[in-house]
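**Student:** Take these sequences, add in the hints, and give me the full structure.
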Amino acid sequence: MLRYAVRRLLGAIPTLFVIITLAFFLMRVAPGGPFDQERTLEPTVMANLNKAFHLDRPLYEQYAVYLGNLLRGDLGPSFVYRDFSVGELLGAGLPISMLLGACALLLALLVGGTLGIIAALKQNSTVDYLVIAVATFGITVPNFVVAPVLSLVFGVWLGILPAGGWEGAHPAYMLLPVITLALPQIAIVARLIRGAMLEALRSDHVRTARAYGLPARLVVIVHSLRGAALPVISYLGPAAAALLTGSVVVETIFGIPGIGRYFVQGALNRDYTLVMGTVVIVAVFVVLFNLAVDLLYAAIDPRVRYD
Amino acid sequence: MTGPGPILTLRDLAITFDTPDGDVEAVTGVDLDVFANENVAVVGESGSGKSQIMMAAMGLLAVNGRATGSVRYRGTELLGMAPRALNRIRGAKIAMIFQEPMTSLDPLYPIGRQIAEPLMVHSRLSPRAARKRVLELLDLVQLPDAARRLGAYPHELSGGQRQRVMIAMALANEPDILIADEPTTALDVTIQAEILALLARLKARLGMAILFITHDLKIVEAIADRVVVMRAGAVVEAGPTQRIFASPRADYTRMLLAAEPTGTKAPPPAEAETLLTARDVGVTYRSGGGLLGRSAHTIEAVKSVDLDLKRGQTLGIVGESGSGKSTLGRALVGLGHADGAIRFRGATINALSPRALRPFRRDLQMVFQDPYGSLSPRMTVGEIVTEGLLVHERGLSARERGRRADEALAEVGLEARIKNRFPHEFSGGQRQRIAIARALILKPEIIVLDEPTSALDSSVQKQIIALLRAVQAEHQLAYVFISHDLAVVRALADTVMVMKAGEVVEAGPTEAIYGAPKTAYTRRLIAAAFDLGSVLTGAAEPA
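If you read the protein sequences in the order shown, they are chains A and B. Numbered according to numbering that gives the first Met the number 0, the first sequence spans residues 0 to 306. Numbered according to numbering that gives the first Met the number 0, the second sequence spans residues 0 to 542.
Think of the hints as simulated: they come from the structure by calculation, not from any bench. Bear in mind the structure is a predicted one, so any value in this text is a computation, not a measurement. Careful, some of the hints might be misleading.
Which stretches of chain A does chain B cover? Using the computed rule of at least three CB atoms under 8 Å from a CB of chain B, they are [what the hints assert, rightly or not]:
| no. | segment |
| --- | --- |
| 1 | 194 to 204 |
| 2 | 212 to 223 |
| 3 | 289 to 301 |
For glycine and all other residues, C-beta sits at the position ideal for the given N, C-alpha and C.
**Tutor:** Take a look at the structure:
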């Protein structure tokens, strides 16, 4: 298993290299540059800025320098947030985004998982239809609607939670963003678990468990849920990578200093190094979580073997 | 231990399924008694409701199923019982084993744990005591090397070993009744004999009743005290085994008893030309060997086989699962890579490119085991049957193809008007007829039949065999008939090849092989197929 993990991580290096290379050159193909503003700068100022940030060098040279710095863990200076390096920006925001994302993920698993199991056990009952309706709602209503509504209701009308802002990892400031992030995930997890549980409950070995008089608790949790968790786990890999790297919409509406907003701001401002920084982080997360999913699969299902 | 009365009684049991097309009555008015220490067999073809009555008794019907009437265990009504109360009987007093031991065991847990669970639930054993009992049980069912196997997962065991594990689980709480639902159908005949012998031995030793659900009359004759024959959800006849076999009263029972294939094949004329020869044919699979340098290893599925096939001849290939008989059959019609030399009409067909092979394919047709999987569900019967003509007789007009399809369907006993219907509208036997029509329409010289009757009920099997015989006589076809069923092969084949682990262990004229088998392996296969009774009595005696 360990050898497999190491091999997979080594195998990820060329993948990351391709992603970084594509992102680097695609970013430069986009028109405009980091120092274009509504008021055009003096040509000499522009030239000095470009020189200071090595943008006057040939592209391949910039690319080589970037790769070299990256290998040393240096993501370079931000072109737009002067005086900050990309490393500092991401280092400040990433823990916050990850905290919110992890809470949302946990909430989604607990609530979505429970709802899905109940719906499957009571298939075609009112409870089941209610869960499906809630799940459909959760998937169809976008977070830029949910976030302001939650903020309005709980922050402004009821006044029981702050409408936005961030004063450190205090539950009051986390609750609404976490719910907003979790809602669509709850819906997806509930649907996945429901479907997988229905299949598991109809399987031959669950029939065996029932034929041997095992109590419902054992039949459902031990003999159905473990197998039914597999499709959810494969969904969770990419989903976790997306959740933990922050959400532009949620962070903007609730005013949270995470890294989600850098994706859009960086791209709009042509902040080349910031965009590259976010790309590297997301790529690394995707690689790591997919590996985690595969290892978890092997841990759950003894028929899966890597070696 | 028990009074004279039955320990399990079914009275007027009816089962209804609520389907989108309305209620379907699967079982009506079934009465059945099981006495202590008795061996009762419920016999019927697929759809007779024989499994459903036991599912209903055990509270295991699908969610859309409803049971009415009465099922009493020692006087206690089981139908409508609260799950908690029912759980004190299921697995403790009445235990079940199922047809497919692979899917009936949970793939995610070691077998030791799965056998221990009912012990810990019903007998309240500690994990330690349960483990000890599991070991005893595994010894009892003769699973070799039991202590080491406790941590094994179901996929790490063979089919026979898995069924032994299921039996150990069933015996764990020393039940009064063991319900065995087709417990040997998915197993090879020799393994089947071992499992049946084991059950007989355990029954004698532990004193329990066995309710055996099966379609296989040979098993019934060998093991049952009493037989209940079911058809279309109702009991047509019940009585002592000897009486049922000696003087069946219901027409249906007589038909079932007569469904065993009989007769032998007239040999092809001595001057018949040799159509196909195979010399030193081998098939090797490579597994593993991924991009990141995993060690590859090769599996020799077929090793150095020689055979000759004459016009009008039927070559039977028999052997257990994994013996390579299907792989060989495929190689003979050019499906998949093969080493050695397979010569047909002057060409070495296994050396040809796919394009060069194509003209030969029309003369080398194949019919597969599973008529549910081998017909495309999205094509009409007409399209399925005529598809080969589009490749091999391109010049034909649509009208001409239609006429040829009508002929082919008529030949297999189907009406021309079914051409616009889809495979799912037909029964297994009808589908197999369609598959045979698809092969016949190209007027081939050789047809490889890979277990063509194994998925069919025995009465339907008999019809398909009659059809295959008639078609062969009409067109002087050569058949390669692959089967694990030695009775069918004896009725159809001129010569027989016995395969084991990819090699031919014995080959020769059918009567010679069946009359005087030379190897122990062949003798075991034949005994398990034709003389199950004495195999079992021999095994039931204390070792």
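**Student:** So, for every hint listed, does it hold in this structure?
**Tutor:** Hint by hint, here is what the structure shows:
no., hint, result
1, 194 to 204, "holds (count 4)"
2, 212 to 223, "holds (count 7)"
3, 289 to 301, "holds (count 3)"
The earlier numbered hints are all upheld by this structure, with none contradicted.
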